[in-house]
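Please put together the full structure from these sequences, using the hints given.
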Amino acid sequence: MLRRLKLDLQRNYQAYLMAIPSIVLIFIFCYIPMYGILIVFQDYKPQAGILGSEWVGLANFAKFFQSPHALKVVRNTLFISVYSLLVNFPFPIILALLLNEVRSQAFKRTVQTISYMPYFISTVVICGMLKSFMAYDGVINEIIKIFGGEPQSFLSNAALFPSVIVFSDLWQSIGWNSIIYMAALTSIDPDLYEAARMDGCGRLRQMWHITIPGIVPTMTILLILSVGGLLAANSDKILLLYSPLTYETGDVIGTFIYRQGLQGGDYSYSEAVGLFQTVINFLLLVFANWFSNKTTETSLW
Amino acid sequence: MKNSSLIRFLSIALCTAMVTSVFTSCGSDADENSSEVSSQSSTGASETSSSNQEKGSLYIEGSEGVTLTYWIPIDSTAAQNFSTLAEHPYFQWLQEQTGVTIEFIHPSYEQMEQQLNLMIASKEFYDLLYEPWYPGGPQAGIDEGCFVDLNPYLDEYMPDYKAALNCSDGSFGDWEWGPEKELYQPQPQRAFLEGCTTFDGSLWCVSQIWTDAYLPEAGPVIRKDWLDEAGLEVPETLDELEVVLEAFKQRGEDVIPMNLGNYGCNGLDGSIASAFGLYPSYFTMSKDRTTVYPHAYTQDAFKDYLTLMNDWYQKGYIDPDFMNRDSTSLDAMFLDDRLGIYFNQWTTPDIWEQNYTGEQEFEVVAMPLPRTDTNQQLTWLNSYDSQPTSYTCITTSCEHPEIAAAWLNVGFKKEAILRHTYGIEGETYELRDGIPYYTDAVFNGDQDYLFTCELFPNSTGYCSYRSSLMRTADSDTKLSARAEACLTWAQNASADTNWGYTVFEDDLWGEFDSAYNDALTYADPMVLKFIIGEESLDKFDEFRETAKSMGLDRAQELAQEARDKMAGKE
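Chains as they are written, first to last, in the numbering used here: chain A, 1 to 301; chain B, 1 to 570.
Be aware that a few hints might be false.
Mimicking DMTMM-like on lysine to aspartate or glutamate, the simulated pairs with C-alpha atoms at most 25 Å apart in a straight line are [stated by the list, open to error]:
1. K249/B x E150/A
2. K548/B x E150/A
3. K131/A x E534/B
4. K131/A x D326/B
5. K145/A x D337/B
6. K123/B x E54/A
7. K249/B x E399/B
8. K72/A x D541/B
9. K145/A x D254/B
10. K145/A x D326/B
11. K303/B x D541/B
12. K315/B x D228/B
13. K249/B x E142/A
If you want the footprint, here are the derived chain A segments under chain B, 3+ residues with CB under 8 Å [to be verified]:
14. 135 to 141
15. 149 to 156
16. 277 to 290
No lab work stands behind these hints: they were computed from the structure.
By construction, the Cβ of each residue, glycine as well, lies at the ideal position given by its N, Cα and C atoms.
Pasting the structure below:
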């Protein structure tokens, strides 16, 4: 083992040399600050510092799980995350597949540009737009009224709130997320398509037997990564859009901590819940990776 | 906000926030003054003056060659005119007069907490810190050797500040304010001393002191031209208001008669709930500050309030989207003839007149807080209380704390007050029989001189709310619409109910905070559901019991406990 490493080092020393700066960088900025996680077990006070603050063990975690709302916010976080995954994962792939079949370059480029434009608008602005679109007297209700429907206040309807978050995310990111699939699609060997045509495959057949298998590795990797982010619902967006009326379905871990910690500036508490989120996400990531390795033989490591 | 951390201060973060944001007008555009602007001592005239001129009454003995560093964010209005406060005419004047050179360090508002924590961690401070919200509270700041207890300097170096702190009958100082003192008679307020003293009796800050508080800065505003068209007067009671709402509703489908605040009961200040004797946004306490009242959500009158709001909501008087609107969209609706009544700050009426986009005539007036009948005396007023605001602490790094103390004290002397409130004699004000009158230069707005109070409201010293109202006026006798608005909102209301401003011991604060927030996470949605009719008001008792058991009872208990301790310290 050691000998093999030595051999490898000798042979590929240039590559290792090039990797050194990034390793050092990651070590300094990601690993060294990690000792700060200690504060989740403390009643952290800046003046006492990380080493001097009082040790409280698991009290911060206990505080979160004893809160009458903990169950609800965890449930909401999971629901919105899973929902978001189910919607936001397949649609960019479908968009990429469809665009791939488009012959007219001009049309294709136009669609691409328009679809990824919202990605570059800041969340605050997006939320401002959403609020005015979905207001009682907003555009969407005007359209509903034209077709004879009853206007309703979308943002105060708890049942609709997760959909508002998820589908506005989709609108915002579908174009951007499809780029990576478009890139994967270009790497598929055109000869394969030709051969398939010779064998009498129509367009759908080609898509099913060539295009999709061609991008499965990319899909798998991205899916694993998004599973890793499952518990990190998009809380800044929710924070900008929710109201007490939508707490029932919209209050996620991030927003709950924001409200709880805002006045108190309770660093340890927020960090503890953050750590809880991260650990769960990490386990999910490991599991997804293992599962994917077993079933598709594609994995991150 | 500035209040970081595990603080003993239940600052009513809200209250401080309100006061600072309204009076400094800075919070919102803070990012304009982004990074740190370090400044040099002021230039030019002052260099020659300090040595040659004879020393005036404000001169501080021993100030020769002393430079103090002052860590203070620069207000966005000031930042448009000066890169550092050292260039500001008031501070240049102050340097000439006192002989003390101030080196300003301007953090941006967002960086303040972080920079303060860095200073605490390294124990290296600037000499003077502006609003340093010490994690753990001011007493911790003193105990842990970061801030200086000002008591030892109070008698010798800060006699004027001492007098200001102890004054509770409104007779601040020994000068006469200008004709604006006729605007209204402020109620006597509690002395500032309590708020500026810690549990252990340390004096922890030099606060800005408002001589004439108790005037609201926010309240309901109404479309006067719509009233005129309907032949109605500005409503004063709930019944009259209902008539007006009905009339507004008749104007068309697009018109929303009234918007409530996001939480359905506070507007900006509980403007309708106050008719029910409620202030729903926080705990309140009795006038003598001994008893913390139960939270408004748990009082019987709150059910009556909800019943009325629900009724109005069903009748279409209230914006169906009130919980989702932000102030920008409300302003837009108001200016676009789509909204009749809503709640806003005092600065707005004048500004709206200019920005009006709709089609008809546009006239807006402030509406007095509605009452149940004309005999009712309201007990809640959205005004601020005698707590430290825009305060400055002296740190242990300061080598000349006595000079720093004397310098901070200057703001409470007559000459300095005249200079920063009224400006330059002969240019912006004139003295008649010793009483300062603003000149037409101020009223016409063609004077280049910018007042410290408006430009830089954070200065330590006396400030006069009436004077700042007066400066917006057209003349000595005609006030601006926004100044009138403040007076209107104060009608028939007294500040008999106080904010529950309470200092907590360290751990209790955290406990209070979680209990209170847990309760609100349950209660706020319920309140909205009651108003829009998603929950029947028959469930009010159940709601009340749940809210109490979820934390409102515990929070009240803790607030009372802390309050008792606070009272015990005096």
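Results of checking the hints against the structure:
Note on K249/B and E150/A: the hinted pairing holds, with a Cα-Cα distance of about 19 Å set against a maximum of 25 Å. The straight-line distance between the Cα atoms of K548/B and E150/A is roughly 38 Å, outside the 25 Å bound, and the hint therefore fails. Between K131/A and E534/B the CA atoms are separated by roughly 22 Å; this keeps the pair inside 25 Å, and the hint holds. At roughly 9 Å between alpha-carbon atoms, K131/A and D326/B fall within 25 Å of each other, so this suggested pair holds.
A threshold of 25 Å between alpha carbons decides the hint, and for K145/A with D337/B the separation of about 21 Å falls inside it, so the pair holds. At roughly 19 Å between alpha-carbon atoms, K123/B and E54/A fall within 25 Å of each other, so this suggested pair holds. Restraint check for K249/B and E399/B: not satisfied, since their Cα atoms lie roughly 66 Å apart, outside the 25 Å limit. Among the hinted pairs, K72/A with D541/B is consistent with the structure: their alpha-carbon atoms are about 23 Å apart, no more than 25 Å.
At most 25 Å may separate the alpha-carbon atoms for a hinted pair to count; K145/A and D254/B meet this at roughly 13 Å. Between K145/A and D326/B the CA atoms are separated by roughly 24 Å; this keeps the pair inside 25 Å, and the hint holds. Taking the CA atoms of K303/B and D541/B, the gap is about 9 Å. The hint holds against a cut of 25 Å. Among the hinted pairs, K315/B with D228/B is consistent with the structure: their alpha-carbon atoms are about 23 Å apart, no more than 25 Å.
Between K249/B and E142/A, the direct Cα distance comes to roughly 19 Å. Compliance with the 25 Å bound is thereby established for this hinted pair. Under a criterion of three residues with beta carbons nearer than 8 Å to beta carbons of chain B, the stated coverage of the stretch 135 to 141 of chain A is upheld, 3 such residues being counted. Chain B is given as covering the stretch 149 to 156 of chain A, and this holds because 3 residues of the stretch bring a CB closer than 8 Å to a CB of that chain, at least three being needed. Coverage of a stretch by a chain is defined here by at least three residues with a beta carbon nearer than 8 Å to that chain's beta carbons; for the stretch 277 to 290 of chain A and chain B the count is 0, and the condition is violated.
Of the hints listed earlier, those the structure fails to meet are numbers 2, 7, 16, in rising order.
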